[in-house]
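There are 4 protein chains.
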Amino acid sequence: MKETTITVIEKVKLKNPVLIEGLPGQGMVGKIAVDYLIKHLEAQKMAELYSPHYAYYVLVNKSGAVRLLRSEFYYWKNQEDGNDIILLTGDTQPQTIEGQYEVADAILRFAEQNSTKLILTIGGYRTESKEEPQVYISATNLELLKRASEIGIKTSPPGSPIVGTAGLLVGLAKLRNIDAACLLAETPGYLPDPKAAKSVVKVVSKMLEFNVDLTELDNEIAKSEQIEERMRKIEEQRRGSEKIRRKVEEEKVSYIS
Amino acid sequence: MKETTITVIEKVKLKNPVLIEGLPGQGMVGKIAVDYLIKHLEAQKMAELYSPHYAYYVLVNKSGAVRLLRSEFYYWKNQEDGNDIILLTGDTQPQTIEGQYEVADAILRFAEQNSTKLILTIGGYRTESKEEPQVYISATNLELLKRASEIGIKTSPPGSPIVGTAGLLVGLAKLRNIDAACLLAETPGYLPDPKAAKSVVKVVSKMLEFNVDLTELDNEIAKSEQIEERMRKIEEQRRGSEKIRRKVEEEKVSYIS
Amino acid sequence: MKETTITVIEKVKLKNPVLIEGLPGQGMVGKIAVDYLIKHLEAQKMAELYSPHYAYYVLVNKSGAVRLLRSEFYYWKNQEDGNDIILLTGDTQPQTIEGQYEVADAILRFAEQNSTKLILTIGGYRTESKEEPQVYISATNLELLKRASEIGIKTSPPGSPIVGTAGLLVGLAKLRNIDAACLLAETPGYLPDPKAAKSVVKVVSKMLEFNVDLTELDNEIAKSEQIEERMRKIEEQRRGSEKIRRKVEEEKVSYIS
Amino acid sequence: MKETTITVIEKVKLKNPVLIEGLPGQGMVGKIAVDYLIKHLEAQKMAELYSPHYAYYVLVNKSGAVRLLRSEFYYWKNQEDGNDIILLTGDTQPQTIEGQYEVADAILRFAEQNSTKLILTIGGYRTESKEEPQVYISATNLELLKRASEIGIKTSPPGSPIVGTAGLLVGLAKLRNIDAACLLAETPGYLPDPKAAKSVVKVVSKMLEFNVDLTELDNEIAKSEQIEERMRKIEEQRRGSEKIRRKVEEEKVSYIS
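Residue numbers (the working numbering), protein chains in the order written: chain P, 1 to 257; chain W, 258 to 514; chain Z, 515 to 771; chain G, 772 to 1028.
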């Protein structure tokens, strides 16, 4: 493979589709959100993307089957009046600068071929832990930002760049005159963060006017909070015994001198 | 995007244009100088350059609008007899060796398409801080150096290579038989240096015989001197308290032993 | 050379060939196994592979002859009913991500041109040293895994990715609808490990129903065990004298204070 | 520039030319030797090679003229019966793996276009300093090694790879059926080493049966020995004062305790 390649699995005709991207990144916010939507909207796989710019290893699943690192496109047909949705998830992001641009380009060509009307990319925005993570939007044009603001979505604080596919897709979409926006949820970023993902899913479902049950995401949040709690305790114990060790040490020192 | 791409925004016919390049680099001398010229000559944007060799993130502005890293070409029509001017500024330089050569090449093709007669690149030359930073010239041919010397511009001291786009543009221009010169202003280099930029702007306006008001650049210099002054004081205080801390420490040590 | 190139040395017509790959990697398991098969099946060279993604140095042999780093394809004609075999060995693996994908692709094109029915890749699986290293299989499809399990080969534990050519060949073969499997033998991995290689050779000869004399491999194992034994002793001595040194040191310290 | 490019300066017809390559490397042996031959054979420039795989800076000479990093081909017409010579020198070697292969390839295409009969590459072989550095040969074929041995040139000890252009040219020449050999002179390698270069020049002139005056190379050797002597003395002084400093320190320590 010398170039990024998209293999179509099911050819479908979509109604004014919106592409929602969520790849691994800060707090895994994008991937958790999109994987949740795929599962709970019961979206169907339509294509796979492979790239020589992904890391050069393969994954083995429980039954021993091998597969390359890849990204996957799923579709969901809206039974109401609203837009159909293409969902993009994946294992990884490209490993080189040129690879990042090439893969983003391949995704946009696929979006164009499917007459995509809007691209939404999802990521994390690094901050302290928050009870209800805020979601910020930035976009290719002011019209989009205005519409987002009307349904209560805050505009991204300026200054910090958006790194990786979530950023490049929006930047490159502009050059192709496709509307695109990036949704960043606040996250401490060092652990998978379903709470931040939930904030984004709520915003997305509001923007695109569809319903999705959030119960299972709440379960994931509860689990991740238990894990964090356990890690906090281990850390506390470690610090406690560290303190004791140091005190003993200091006493030894004073004793020696 | 697989290759560096230039998007034309306004097609213009220019009279013997001189292209002046100023991208981020030592002391930001080139970028400050060219951005100042763009603003004060009221130059108009004619093209944008995008490249898959730029870093893979996008910028968000105050209103939440997203854009790729890019370089921009502006033009200024000379109302007198002299040359029209193309001004090249940008956010960044390419991140890889091959990217540096590819982007410099794309710029030169654009210069050729616009029948550019001369290319001037601007950069910083690392030295101690000086009251009036000197500007040095180096060029593709001796004729250019002679003309520069006649209006009092000193020739670059030999030895230190010119790194990045400011250097490559001149080197590659020679292969295309376009006259080109590089102007380097003395700068300590670690902070944006409007004083060095002013020295270059004066030299450029003298070479190309146009007038530009330098008042606002003087204001920037005053501001940057205040910032430096403040940093110097903070550093002094830090050193002072460091001294005290060490003395206390030493006394403790002698006390213990 | 701008692309990976395969030079055919002998054009042969093979009967349902199976390609077995063994390049340098963990414990050199793959390379030792395939080199052993080449020698003991008296396989003949059919092609050489060169790549600009290999390291940029050349090798000098005992007589002073220079050659590029390369991979080599050998063939073995099965005198019985079973499959003919193509054996792939080499000096090295590609040095960059894109190189890994390009070379794996070139190998697969060669496999297709020779109507390869199955690809087996060989590598090491990092664990503690074992008396009889286990061999694990993973594959492009469940049918293959089932057949392997029927002759007693265990399925790879999930989770750990397979890095390099041994992994990519299987992952990319799937996209071309060629059956492929990866055999990983347990190995501590830090030294060339003929014991792990023997485990794999036994599994391969069982899968493909051919006979190969293992005596010489046993000799290599005996030799490598002697080397390990010697290294263990040196290490023990080093630790012993280190202990003494520390004790002396400590006594000095107590003496001084 | 997207590819390595060779610009022909003078088109010449050469008689059975031998190409001798000497680029920067260990002890600068190759570059010193070839530059010396260019000067003392009064060879003429025939072509220049530029590459986007060279470092991205330009050089400024004493008069302020700018030029890209490059390699240069010179030719020398043999007035006797023997071979004409093409000499290849340069500023640098390519900075990436793929660049090394691409540039070596471009050189070989140029060699083929000029009907080159033999390629000799020159480099350094890392050892302790020697009064008369030995020259070792390795080559694409045994015939060449035999002829070299007949005039007293020793064959390279096996094992250590030949890194960079000096190695790749020979390795890649073999694939194009051009005879090629690499001459490595013993050198400590950390400083430019005219003594090693002299050993090579003597071997080359013997192989190709031409005469070149070595007086000026002897002067360079004398100069470089003076420099080494001076550096040795500085080092000795540094060690001396270091010893004193330590002794003072130790006495202080005993005093304190």
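Hint data in this document are derived by calculation from the structure and do not stem from the laboratory. Being a predicted model, the structure only gives us computed values, none of them experimental. Some clues are possibly wrong.
Calculated Cβ distances over 10 Å to all of chain P for the following chain W residues [claimed, not checked]: (1) Val315; (2) Lys319; (3) Gly321; (4) Arg324; (5) Asn371; (6) Leu401; (7) Gly416; (8) Ile484; (9) Glu486.
Pairs of lysine to any residue residues, derived as SDA-like cross-links and limited to a Cα-Cα distance of at most 20 Å, are as follows [unchecked claim]: (10) Z/Lys527 <-> Z/Leu583; (11) P/Lys2 <-> Z/Ile692; (12) P/Lys2 <-> Z/Pro672; (13) P/Lys174 <-> P/Gly152; (14) Z/Lys576 <-> G/Lys973; (15) W/Lys403 <-> W/Glu499; (16) W/Lys319 <-> P/Lys130; (17) Z/Lys516 <-> G/Asp852; (18) W/Lys268 <-> W/Lys334; (19) Z/Lys576 <-> G/Val934; (20) Z/Lys660 <-> Z/Lys644; (21) G/Lys816 <-> W/Leu432; (22) G/Lys773 <-> W/Thr262; (23) W/Lys403 <-> G/Asn832; (24) G/Lys888 <-> G/Asn832; (25) P/Lys77 <-> P/Asp213; (26) Z/Lys591 <-> Z/Lys644; (27) P/Lys174 <-> W/Glu267; (28) P/Lys117 <-> P/Lys146; (29) G/Lys945 <-> Z/Lys591; (30) W/Lys259 <-> Z/Lys591; (31) G/Lys833 <-> W/Arg324; (32) P/Lys15 <-> P/Asn211; (33) P/Lys146 <-> W/Arg324.
We treat Cβ as the ideally placed atom computed from N, Cα and C, and that holds for glycine.
Each hint, compared with the structure:
no. : hint                  : in the structure
1   : Val315                : violated, 4 Å
2   : Lys319                : violated, 5 Å
3   : Gly321                : violated, 4 Å
4   : Arg324                : violated, 6 Å
5   : Asn371                : holds, 22 Å
6   : Leu401                : holds, 35 Å
7   : Gly416                : holds, 32 Å
8   : Ile484                : holds, 19 Å
9   : Glu486                : holds, 26 Å
10  : Z/Lys527 <-> Z/Leu583 : violated, 27 Å
11  : P/Lys2 <-> Z/Ile692   : holds, 19 Å
12  : P/Lys2 <-> Z/Pro672   : violated, 28 Å
13  : P/Lys174 <-> P/Gly152 : violated, 24 Å
14  : Z/Lys576 <-> G/Lys973 : violated, 25 Å
15  : W/Lys403 <-> W/Glu499 : violated, 53 Å
16  : W/Lys319 <-> P/Lys130 : violated, 24 Å
17  : Z/Lys516 <-> G/Asp852 : violated, 38 Å
18  : W/Lys268 <-> W/Lys334 : holds, 13 Å
19  : Z/Lys576 <-> G/Val934 : holds, 18 Å
20  : Z/Lys660 <-> Z/Lys644 : violated, 26 Å
21  : G/Lys816 <-> W/Leu432 : holds, 16 Å
22  : G/Lys773 <-> W/Thr262 : holds, 14 Å
23  : W/Lys403 <-> G/Asn832 : holds, 15 Å
24  : G/Lys888 <-> G/Asn832 : violated, 36 Å
25  : P/Lys77 <-> P/Asp213  : holds, 17 Å
26  : Z/Lys591 <-> Z/Lys644 : violated, 34 Å
27  : P/Lys174 <-> W/Glu267 : holds, 18 Å
28  : P/Lys117 <-> P/Lys146 : holds, 17 Å
29  : G/Lys945 <-> Z/Lys591 : violated, 30 Å
30  : W/Lys259 <-> Z/Lys591 : violated, 45 Å
31  : G/Lys833 <-> W/Arg324 : violated, 43 Å
32  : P/Lys15 <-> P/Asn211  : holds, 18 Å
33  : P/Lys146 <-> W/Arg324 : holds, 17 Å
In terms of the numbered hints stated before, the structure departs from hints 1, 2, 3, 4, 10, 12, 13, 14, 15, 16, 17, 20, 24, 26, 29, 30, 31, listed from lowest to highest.
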